[in-house]
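Construct the complete structure from the given sequences, taking the supplied hints into account.
Chain by chain, the residues run as shown.
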Amino acid sequence: MSGLILTAREAGGPPIDMTGVLPERLAEGDDALAGLFLIRGRERHRLDDLFALQTGGPSGTLILRPGGAVLDGVGTGMTAGEILVAGNCGAYAGRGMRGGTLIVEGGCGAFAAAEMAGGRVRIAGDAGDFLGAPLAGSPRGMSGGSVTVGGNAGDRVGERMRRGLIAVQGRVGSLCGARMIAGTIVVGGGCGPELGLAMRRGSILLSHAPAPPPAGFEDGGINDWLFLELVRRDLTAAGAWPVGFPTMGTRARRLLGDRSVGGVGEVFILSGM
Amino acid sequence: MKLNGVHIEETFAEAFPMLGTRLIVTADTPAWVQAAVVSMTGFATSVIDCGCEAAVERLLSTEETPDGRPGAAVLLFAISKEELAKQVGRRVGQCVMTSPGSACYAGLLEGAPIPLGNRLRYFGDGWQIAKRIGGRRFWRIPVMDGEFLCEATTAVVEGVGGGNFIILAADRHASLAAAQAAVMAIREVPGTILPFPGGVVRSGSKIGAKYKGLIASTNTAFCPTLRRAVASSLVPEGVESILELVIDGVSPEAVVAAMRAGIGAAVGLGAGGGVVSITAGNYGGKLGRYQFHLHEVMA
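So the protein lines, in turn, are chains A and B. The first sequence: position 2 = 1 (numbering that gives the first Met the number 0), numbered continuously. The second sequence: position 245 = 244 (numbering that gives the first Met the number 0), numbered continuously.
These are computed hints drawn from the structure, not numbers from a lab. Mixed in with the good hints, there may be bad ones.
If you anchor each label on the Cβ, the simulated ranges turn out as follows [what the hints assert, rightly or not]: (1) Ser1/A with Ser38/B: 56 to 64 Å; (2) Ala31/A with Glu252/B: 41 to 49 Å; (3) Glu252/B with Ser259/A: 37 to 45 Å; (4) Val260/A with Ser60/B: 42 to 50 Å; (5) Gly98/A with Glu109/B: 54 to 62 Å.
Covered stretches of chain B, going by a simulated chain A footprint (3 or more residues, C-beta under 8 Å) [unchecked claim]: (6) 63-75; (7) 126-140; (8) 145-153.
Just a sample of chain A residues kept apart from chain B, beta carbon distances all over 12 Å, derived [what the hints assert, rightly or not]: (9) Arg24; (10) Leu83; (11) Gly95; (12) Ala135; (13) Pro192; (14) Asp218; (15) Ala236.
Yeah, the Cβ is synthetic: ideal placement off N, Cα and C, and Gly gets one too.
Next comes the structure, spelled out in structure tokens:
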């Protein structure tokens, strides 16, 4: 069984909802995928009306070439296999993923990895707001798996996150880790305001202290944190340890909070300052 | 069979299934690794009265440990999963967590899990923090010098306990030299430990005793001082000292490899070095699942 390449026939136009286009379905044959109905704007289309299908790529891999088309919901609910997006994704990339790997060679819109429970998402460019956050009206954000972002990310990264890892090479917007319950967020660049607002547990790793310091957090001073070495080794192996982060040593300043809600979440400042 | 002038008896070592696990202990310096693992593996020579059998498998370089610090791999064996879990919890809790700068990781990832940090985390009194890193789960427990980092669980494998061979020598110096050579060789074999002091047993035992309630007593058949006193004596003329090596391993293959290495090193001293013969301990093949025949091991 080889992979499959889907090339968008048209650039522009309304977003195409890619829900249901998954590598798990490659075993059903090209015809089964070609006959899938996808929503584009307010219309239903057969997949092969919207995409040119071509056999190719590694076994179990779905390669999407969006060109100028906007693809929403890529990898929604994926459990196994791999999706490679040779370009940008729209919103909801990797939504509710439980396994497999989603690689985006460009950037992503809002709600990437929203409510993700397992697997890996690798975004080479920027990510929008609500990365790893809950969907609107939902009480739980990301609950497993890992997300790495090569560029910047928007507001509310890891909101209500319960488990898993988000590593952003660049900056993140406001409310990063807000209402976080557990898990780890690594931010290579700066943070917007309201970092860790109402955070209960979990860890946020920064290279430098946010300005102003997050309200509701207490400065616990500088200590050795051996687990940081394990995080660094894991992220370095994945090529996701932020460029500006120290490459050795486990000393870091820890801020503990959000104490205003009785939280014991941690913000680690690896430079100590 | 004769090897280097040393007689190898046509007999077998009888061994038993045991459940085992491997733990990786790290610390800031090799000296503190030693402090932790020596304490952890103390009083762990025999399941007869210690609860488990444990020893350092080998020391680890900074490149071999999860956190890049000096470390040691420790193997622990017990007769049941429940007993192993109890011993692991007690020993890591009392001997590793208490040792400055230490951390403890699972050394086996495949197999049924038993609690490690999952049991010790309560020491954190609510301030403990779970952290999943690279698909593995750890507990961070606040302690007085910082944090004790401990993997949540470790895996159990069905191993082998009681692999053995017995060195019969002309005198104590010869038996000890042969035993020490065997210990050095066996310590190079992965997946095995020698749980007794220095890797050697001088008080081998037989099952039962003349006294009620004693499940084991001195192995009279191999006591040179009783050669004329007991009819069952197996001490030949010219033998004044006997030492035994007991081997536990993560698999029968590992135990066989260790026996081969150990016997090979012992007979390396030769008859000229005072080594008379090599035999093995068994119960007539009635009790143990494994029989390691010396001639097959050394073939």
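Consistency of the hints with the structure:
1. Ser1/A with Ser38/B: 56 to 64 Å: holds (57 Å)
2. Ala31/A with Glu252/B: 41 to 49 Å: The hinted range 41 to 49 Å holds for Ala31/A and Glu252/B, with Cβ atoms some 48 Å apart.
3. Glu252/B with Ser259/A: 37 to 45 Å: With Cβ atoms ~59 Å apart, the hint is violated.
4. Val260/A with Ser60/B: 42 to 50 Å: holds (45 Å)
5. Gly98/A with Glu109/B: 54 to 62 Å: violated (20 Å)
6. 63-75: holds (count 3)
7. 126-140: Holds, because 9 residues of the region 126-140 of chain B bring their Cβ atoms closer than 8 Å to Cβ atoms of chain A.
8. 145-153: holds (count 3)
9. Arg24: holds (26 Å)
10. Leu83: holds (22 Å)
11. Gly95: holds (19 Å)
12. Ala135: Given that every Cβ of chain B is farther than 12 Å from that of Ala135/A, nearest at about 27 Å, it holds.
13. Pro192: holds (26 Å)
14. Asp218: holds (16 Å)
15. Ala236: violated (8 Å)
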